[in-house]
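J.: Here is how the chains run, residue by residue.
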Amino acid sequence: MKQSIQWQIAEVKAIKQETLTVKTFTLTIPVWVQHRAGQHYDVRLTAPDGYQAQRSYSIASEPERTGEIDLTVERLDDGEVSPYLHDVLVPGDRIELRGPLGGYFVWDTTLGGPLLLIAGGSGIVPLMAMVRHRVAQRSDIPTRLLYSVRTPEDVIYAKELSGLSEQHTRLDVIYTFTRQAPPNWRGYARRIDEMMLREVLQSLESKPRIYICGPTALVEVAANTLAGIGIDAESIRTERFGPTGGR
Amino acid sequence: MSELDESMDMNTQMMLDGNALAGKLQTIFGVEMTATSSICAQCGGTSMMGELRAFTQSPGIVLRCPACESVMLRLVQTPQATLLDARGVMYLKIPAY
Amino acid sequence: MSEQFVSRKFQGRRASAETQHRLPPGQHAVTDFPVLSAGLTPQVTQNDWRLTIEGLVQEPITWRWEEFLQLPRQEFVVDIHCVTSWSKFDTRWRGVSIDTLLEQVTLDPRARYVTAYSYGGYTTNLPVAELINGQAFVACEYDGKPLPREHGGLARLVVPHLYFWKSAKWLRGLRFMESDQRGFWESLGYHNHGDPWKDERYSSDY
Numbered sequence: 000m001k002q003s004i005q006w007q008i009a010e011v012k013a014i015k016q017e018t019l020t021v022k023t024f025t026l027t028i029p030v031w032v033q034h035r036a037g038q039h040y041d042v043r044l045t046a047p048d049g050y051q052a053q054r055s056y057s058i059a060s061e062p063e064r065t066g067e068i069d070l071t072v073e074r075l076d077d078g079e080v081s082p083y084l085h086d087v088l089v090p091g092d093r094i095e096l097r098g099p100l101g102g103y104f105v106w107d108t109t110l111g112g113p114l115l116l117i118a119g120g121s122g123i124v125p126l127m128a129m130v131r132h133r134v135a136q137r138s139d140i141p142t143r144l145l146y147s148v149r150t151p152e153d154v155i156y157a158k159e160l161s162g163l164s165e166q167h168t169r170l171d172v173i174y175t176f177t178r179q180a181p182p183n184w185r186g187y188a189r190r191i192d193e194m195m196l197r198e199v200l201q202s203l204e205s206k207p208r209i210y211i212c213g214p215t216a217l218v219e220v221a222a223n224t225l226a227g228i229g230i231d232a233e234s235i236r237t238e239r240f241g242p243t244g245g246r
Numbered sequence: 000m001s002e003l004d005e006s007m008d009m010n011t012q013m014m015l016d017g018n019a020l021a022g023k024l025q026t027i028f029g030v031e032m033t034a035t036s037s038i039c040a041q042c043g044g045t046s047m048m049g050e051l052r053a054f055t056q057s058p059g060i061v062l063r064c065p066a067c068e069s070v071m072l073r074l075v076q077t078p079q080a081t082l083l084d085a086r087g088v089m090y091l092k093i094p095a096y
Numbered sequence: 000m001s002e003q004f005v006s007r008k009f010q011g012r013r014a015s016a017e018t019q020h021r022l023p024p025g026q027h028a029v030t031d032f033p034v035l036s037a038g039l040t041p042q043v044t045q046n047d048w049r050l051t052i053e054g055l056v057q058e059p060i061t062w063r064w065e066e067f068l069q070l071p072r073q074e075f076v077v078d079i080h081c082v083t084s085w086s087k088f089d090t091r092w093r094g095v096s097i098d099t100l101l102e103q104v105t106l107d108p109r110a111r112y113v114t115a116y117s118y119g120g121y122t123t124n125l126p127v128a129e130l131i132n133g134q135a136f137v138a139c140e141y142d143g144k145p146l147p148r149e150h151g152g153l154a155r156l157v158v159p160h161l162y163f164w165k166s167a168k169w170l171r172g173l174r175f176m177e178s179d180q181r182g183f184w185e186s187l188g189y190h191n192h193g194d195p196w197k198d199e200r201y202s203s204d205y
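Residue numbers (numbering that gives the first Met the number 0), protein chains in the order written: chain A, 0 to 246; chain B, 0 to 96; chain C, 0 to 205.
To be clear, the hints were calculated from the coordinates, so they are not data collected in a lab.
It should be emphasised that the depicted structure is a prediction, and the values quoted were computed from it without experimental measurement.
Note that the Cβ used here is the ideal one computed from N, Cα and C, for glycine as well.
You can take every hint at face value.
Which chain B residues face chain A? A few, computed with CB under 7 Å, are given here: (1) 13; (2) 31; (3) 49.
In silico BS3-like cross-links for lysine-lysine, where the CA-CA straight-line distance does not exceed 27 Å: (4) A/158 x A/12; (5) C/87 x C/197; (6) B/23 x B/92; (7) A/12 x C/8; (8) A/15 x C/8; (9) A/22 x C/8.
Assemble the whole structure, with the sequences as input and the hints as a guide.
T.: Following this line, the structure appears as structure tokens:
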């Protein structure tokens with residue numbers, strides 16, 4: 000779309016602690032443009048001496064929520080921007096950003112499904128925007144979310160996801176815990192692999208649209224494995240987040 | 000196409016994709032570019048720009064073909080200008096909006 | 000024109016007082032070792048690895064890995080400066096001095112420039128005068144251990160007095176030439192020479 004993206008100053012409306020290391024920032028955007036699920040904003044910090052640091056953060060909120068957006072951000076110890084957002088920002092603070100950005104890693108209900116969403120760690124964020132959009136549209140496009148996290152404490156949006164999968168029969172959430180599973184866990188407890196992907200694909204009626212987002216290593220393994228089992232590359236869209244936080 | 004090293008070193012882990020350049024590309028081209036098709040001048044393969052492998056931890060940004068790894072685009076930001084080398088792209092197919 | 004918005008309480012990076020004098024203009028000191036690359040890590044095996052000196056030399060020479068390991072090695076402790084603004088002090092390497100390598104060839108008097116080229120396709124250029132007389136070496140160890148692949152192993156060029164983009168990782172060869180040929184970054188906006196003490200980051204030719 001022809002659209003000029005200018006830097007603008009947003010205001011922090013609210014901050015929510017999602018997990019120990021993850022926060023959601025609700026921001027009021029002066030020139031709000033309806034985004035598409037999967038898009039992101041670029042956030043820029045400027046020091047008094049002119050030094051700048053910039054990062055991209057996926058929009059967590061659904062496009063149907065007007066005038067404001069949620070950015071869910073994981074705090075990386077060696078990060079330049081995330082520690083500032085986590086440690087300094089309070090409601091009322093202002094922050095410079097531009098967007099919404101991206102046209103490749105996007106989904107909306109008009110594109111149809113079924114939908115297979117594969118998330119690793121904070122890669123859940125843009126996929127959650129897709130889930131929330133689906134819910135806001137009252138769509139019942141079959142949607143399966145495979146969410147890989149280290150431990151149960153690392154699950155972002157845990158309550159919301161369990162509520163949604165209970166309410167909606169055609170929305171499943173499948174977890175895999177790679178470091179420590181909950182007690183009495185009977186589900187997946189390992190890194191995503193071929194067997195897991197085959198099983199997850201199994202009961203999806205027809206060729207799904209697939210979105211994979213998370214640390215680069217996870218995205219590479221998942222995408223390559225799917226290609227290896229014959230999934231059409233055109234049905235897969237990927238977004239790499241770089242190295243996993245907390246090595 | 001080379002196989003990724005199983006241990007996935009830091010360099011590979013830090014690799015991103017064209018999605019990370021959405022803002023920069025839109026600023027340069029004036030339109031959203033990550034859903035634009037690009038044809039690799041080396042292997043002729045078609046990828047959307049959002050799929051190009053991005054190396055951003057560098058003096059400049061390098062976008063590589065996901066199929067053959069050759070350099071498709073290079074971007075350097077100097078104080079004066081943005082320099083864009085697109086010799087590795089046979090062409091871009093930018094939709095009429 | 001509107002004023003740039005400044006983020007409340009964002010400081011960016013600051014240099015400590017003790018090391019100020021060791022920092023070239025616009026640099027800040029780091030203690031980690033950032034990984035920067037223009038492409039995926041080449042996976043050259045010791046078996047396939049070669050280092051070649053060619054171009055304007057009387058006779059080109061190629062070392063295999065075992066042969067390279069036989070060459071006299073030294074320890075080098077140097078400060079390194081990356082154009083992306085980080086500097087790292089007292090980095091410890093082991094490797095072969097370029098002077099040692101050049102004892103094995105006879106340089107043509109017309110050879111005034113060098114192109115260093117790497118596995119993976121990277122290139123960088125510098126004058127011969129900046130490569131010799133103890134100014135550069137080929138490193139195969141960093142901090143007492145074999146040079147990690149992500150930092151340029153099996154072997155890389157190290158030219159500490161210039162910006163670190165000139166210290167080509169995954170070194171494959173040195174080509175001696177009569178005329179200068181701009182390398183990967185020098186051909187897209189970066190300074191042809193790259194002296195950090197003169198802040199020679201970008202080229203004024205563009």
